[in-house]
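So the sequences go chain by chain: A and B.
Just so you know, my numbering puts 63 at position 63 of the first sequence, and the rest follows in order with no gaps.
Just so you know, my numbering puts 422 at position 422 of the second sequence, and the rest follows in order with no gaps.
None of these hints come from the bench; they were simulated from the model.
You may find that some hints are simply not true.
[As the list claims (entries may be wrong)] No more than 30 angstroms apart at the CA atoms, straight line, and that leaves these computed lysine-lysine pairs for DSS-like:
hint, chain 1, residue 1, chain 2, residue 2
1, B, Lys234, B, Lys224
2, A, Lys263, B, Lys84
3, A, Lys72, B, Lys377
4, B, Lys217, B, Lys354
5, B, Lys402, A, Lys72
6, A, Lys263, B, Lys224
7, B, Lys141, B, Lys402
8, B, Lys86, A, Lys58
9, B, Lys141, B, Lys353
10, B, Lys86, B, Lys136
11, A, Lys58, B, Lys353
12, B, Lys58, B, Lys354
13, B, Lys377, B, Lys141
14, B, Lys141, B, Lys86
15, A, Lys58, B, Lys234
16, A, Lys263, B, Lys377
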Amino acid sequence: MAERALFAKTRFQAKESRLAYLLLLPSVACILGFMVYPLISVGLMSIFRTNRLGWLQKFAGLENYYSVMGDKEFWQITGRSILWTTLAVLSKTIFGMVIALLLNVKYFGRKIARMLFIAPWASSVPISVLLWSWVYHPQFGLLNHTLKMTGITNNPPVWLGYPLSGFIAAIWVDIWIGIPFMALVFLAGMQAIPEDLYESADMDGVNAFQKFYYITLPSIRRILQISTLLSALWTFNDFNSIYILTAGGPVNMTDILITSIYKNAFVYARFDKAAVMAIITFIILTILSSIYARHYFREEN
Amino acid sequence: MRRIRFGKHLTVLLAMIVLMGLPSMSFAAGKTETAAGAASTATLFWAGYDGVTEDYRKGLQDAFNAVDPAYQIDIVPVPWDQMKDKLTTALAGGKPPDISIIGTRWLLEYEELGQLAEPGAYVGKATIDDIFAGAKEGVVKGKLMGLPVAAGARFMAINDRIGKGVPKTMEELREMAIAANDPPNQYGLFMVGQKNTELTEFAYYLYAAGGDFFEKKADGTFGKSTVNSAAGVKALSFMNQLANEDKVVQDGYLGMTRIQGHPMFYADKIGYVMIGAWVDSAMKQAGSTFPVTYAQIPPFAGQKSTPLIITDSIAFFSGAKNLKAAGKFVDFWYQSEWKGKFDELAGFPPITKKASTLPAFNTPMYKVMSEASVNAKGWPLIATWDQCQDQIWDAVSKVYLKLATPKEALDAAAAAIDKINNIK
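Generate the whole structure from the sequences, applying the supplied hints.
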C-alpha cells in the first residue's frame with residue numbers, strides 16, 4: 001500500500017516535472033536565442049577577421065586579442081571604465097543610503113518626497129541625458145546660468161569641453177539616474193527592520209549614528225551587497241550617459257569600454273576588434289559577479 | 001482523471017502557443033496593413049532632414065500608394081545619426097531595405113561589399129535624364145550607383161547687424177571678426193569645438209587653404225594622407241588663432257556641437273557663420289529678425305574659393321526583393337511636384353531640372369549656393385572615412401586643448417590614417 005502510494009507520488013512528480021519542463025521551454029528558448037547565440041556569435045567574431053558588415057572572413061586565432069591588448073589606449077579605456085564604475089557605484093550607494101534614511105523617517109509629505117525621488121529613475125534614460133546635455137550647455141545651460149546669477153563664478157567651466165570636466169559631468173548624470181533605485185531598495189530593506197530593535201536601543205541611550213551602524217547597516221547588509229553588484233554591472237555598461245554627452249571625446253578621453261565597443265563596431269565597422277573588447281568586458285563582469293556570488297552564498301550557508 | 005489532467009496540460013500548452021504567437025501575428029497584421037492588397041511593397045529608409053515634416057513623408061507615401069495597388073512603398077523614417085547603424089544591421093542580417101537615403105561617400109563601402117544594385121536598371125531614363133549632370137556624384141567604378149537626393153554647397157551667413165562686411169579672404173574674415181567681437185554680448189565668428197558627426201569645420205579651412213585630405217593617384221584612387229601638408233597646418237593654426245589667441249569665437253565653443261551652437265547665430269549673437277542651406281528655414285523658425293547676407297566661404301589670400309559640398313544619394317540594394325516597386329517610387333517622387341517640395345523643405349537647391357524652375361528657388365541664398373557649387377569639393381570617397389575623420393577631429397581637439405601644436409597633431413593624424421588605410 002505504502003509502495004503504491006510512493007509509486008503514485010513518483011508518477012505524479014514525473015508528470016509535474018514534464019509540465020515544469022514544458023513551461024520552462026519558452027524561457028530556455030529565449031535565453032538560447034537572445035543570450036547564448038549572441039555570445040557565441042561575438043566569441044566567433046573575436047577569433048576571425050570580419051568584413052565591414054561583421055561577417056566572418058578568415059580565422060585569426062588570438063591575433064585580434066594580441067592586437068587589442070597591445071594597444072595602450074585600450075588599457076586606458078579599461079582603467080577609466082573601472083574608475084567610472086567605482087566612483088559612480090560608491091556615490092550612488094552613499095547618496096542612496098542618505099536618501100533612504102531620510103525617506104524612512106516619519107514626517108508630513110513623506111509620500112510625496114518618495115514619489116519625487118523616484119522620478120529620475122522612472123523617466124527614459126536617453127531623454128534624461130539629453131536634458132542634462134542642455135543643462136551643461138556653455139551658453140544657454142541652466143547650470144552655468146545659475147553659477148553666474150548667484151555670483152559663484154563669472155567664468156563657469158565648459159563642462160563637456162574638457163576631458164576631466166566632461167568625465168565628471170557624465171558620471172554625475174549616471175549617479176543622478178541611479179540614486180533612486182539604490183534609495184528605493186535600501187528603503188525597502190529598512191522598512192523590514194523590526195521597530196522594537198530601535199525602541200530597545202532608545203531605552204539603552206544609543207545615539208542615531210550607533211543605531212545606524214549597529215542596527216540598520218547589519219540588517220540591510222545583504223540588500224546592500226546585491227544592489228551594489230547590480231549597480232556595478234549596469235554602471236559598467238552605461239552607454240547613454242557618456243555617448244550622448246561627450247561621445248567619448250574630447251580626444252577619446254572620456255571613452256569607457258562600452259562606448260568604445262560601439263564606436264568600433266558601428267562607426268568604424270571594426271567588428272572583430274569590438275568583439276574582442278566585448279568578450280573582455282564580459283570576462284571582467286563575470287569575474288566580478290562570481291566573486292560577489294561566492295561571497296553572498298557562503299554567508300547564506 | 002488522466003484525461004482531465006491531459007486536458008489541462010493541453011490547455012496550458014495551447015495558451016502558451018497563442019501567447020507566444022500573438023506578437024508575431026500582430027507584426028504580420030501590421031505588415032499586411034502597410035501592404036494592403038499590394039503585389040510588391042518596397043521599403044525605403046528615409047533619413048530625417050531638418051524641415052522635412054512627418055506630414056510630407058506620410059503624404060508622399062499615400063500619394064504613391066494610391067497610384068497603382070501593384071506597387072507600394074513603405075517609407076520608414078530613420079534619424080540621420082542612426083542611419084549608418086540601422087543600415088549596417090539590416091545588411092549584416094541579410095534583410096536590406098530596397099532603397100535608402102545615404103551619405104554619398106557610403107556608396108564605395110557598400111559597393112565593396114557587393115550590396116548595391118544599379119539604379120539605372122529600375123529607374124526610368126526620363127527620371128535620370130532630368131537630374132543635373134553635375135549632381136550625379138554617386139559614380140563608383142564608372143557606374144552611377146547612387147541617385148542624388150540632395151546636394152548643397154556650404155557658404156557663409158553674415159549677420160549684418162554685427163558683421164563688418166563681406167570678407168574676400170580668410171585674413172579679411174579674421175580682421176572683420178576681431179572688429180565685430182564684443183563678448184559676451186556678441187561674438188565675431190561661430191566655431192564648433194565638440195566632435196560631431198562630420199568634420200565640416202576643418203574642411204572649410206583646409207579647402208580654403210588649397211589643401212586636401214589625401215593625395216590623389218592617376219587612376220582616381222586615394223593615396224597617403226595629406227592633412228599634415230603645409231595647407232593643413234596653416235588651416236589648423238588659423239582656426240586655433242581665431243579660437244584661442246584672438247578669442248573671436250563664442251565662449252564655450254569647446255562644449256558645443258553644430259546643433260547646440262547654431263542657435264546662437266539665430267539668436268543674433270554671432271557675426272559670421274559657415275553653414276548650409278537649412279539656415280534660412282531655421283532662422284524663420286527661431287523668429288530671427290536681423291538682416292542677413294549670404295556669401296562664399298572666402299579662400300586664404302592667393303588661393304581660389306573651394307567650398308565644401310555635401311551630397312546625399314539614394315542607393316538600391318541588390319539583396320532586396322522589391323526593387324521594381326522601388327524604381328517606380330523614385331520615378332514618381334522625382335517627376336512630380338513632391339521632389340521640389342522636398343528640396344524646398346530641406347533647404348537644398350534642386351537637383352532636377354523640373355524642380356529648378358519653381359519660384360521657391362529664386363532667392364539670394366540659392367543664388368550663392370549655385371555659385372558655390374561651381375568650384376565646390378565633396379568628401380573623399382573612401383571606405384574608411386569615418387575612422388579617418390575621427391583621427392582629424394582628435395588632432396583638432398588636441399590643438400584646442402593645447403595638448404599638441406598643429407604640426408604635431410596633424411603629423412600624428414596623418415600617420416594614423418595611413419595605418420588605417422594600410423599605406424606605408
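Hint numbers not upheld by this structure, sorted from lowest to highest: 3, 4, 7, 11 and 15
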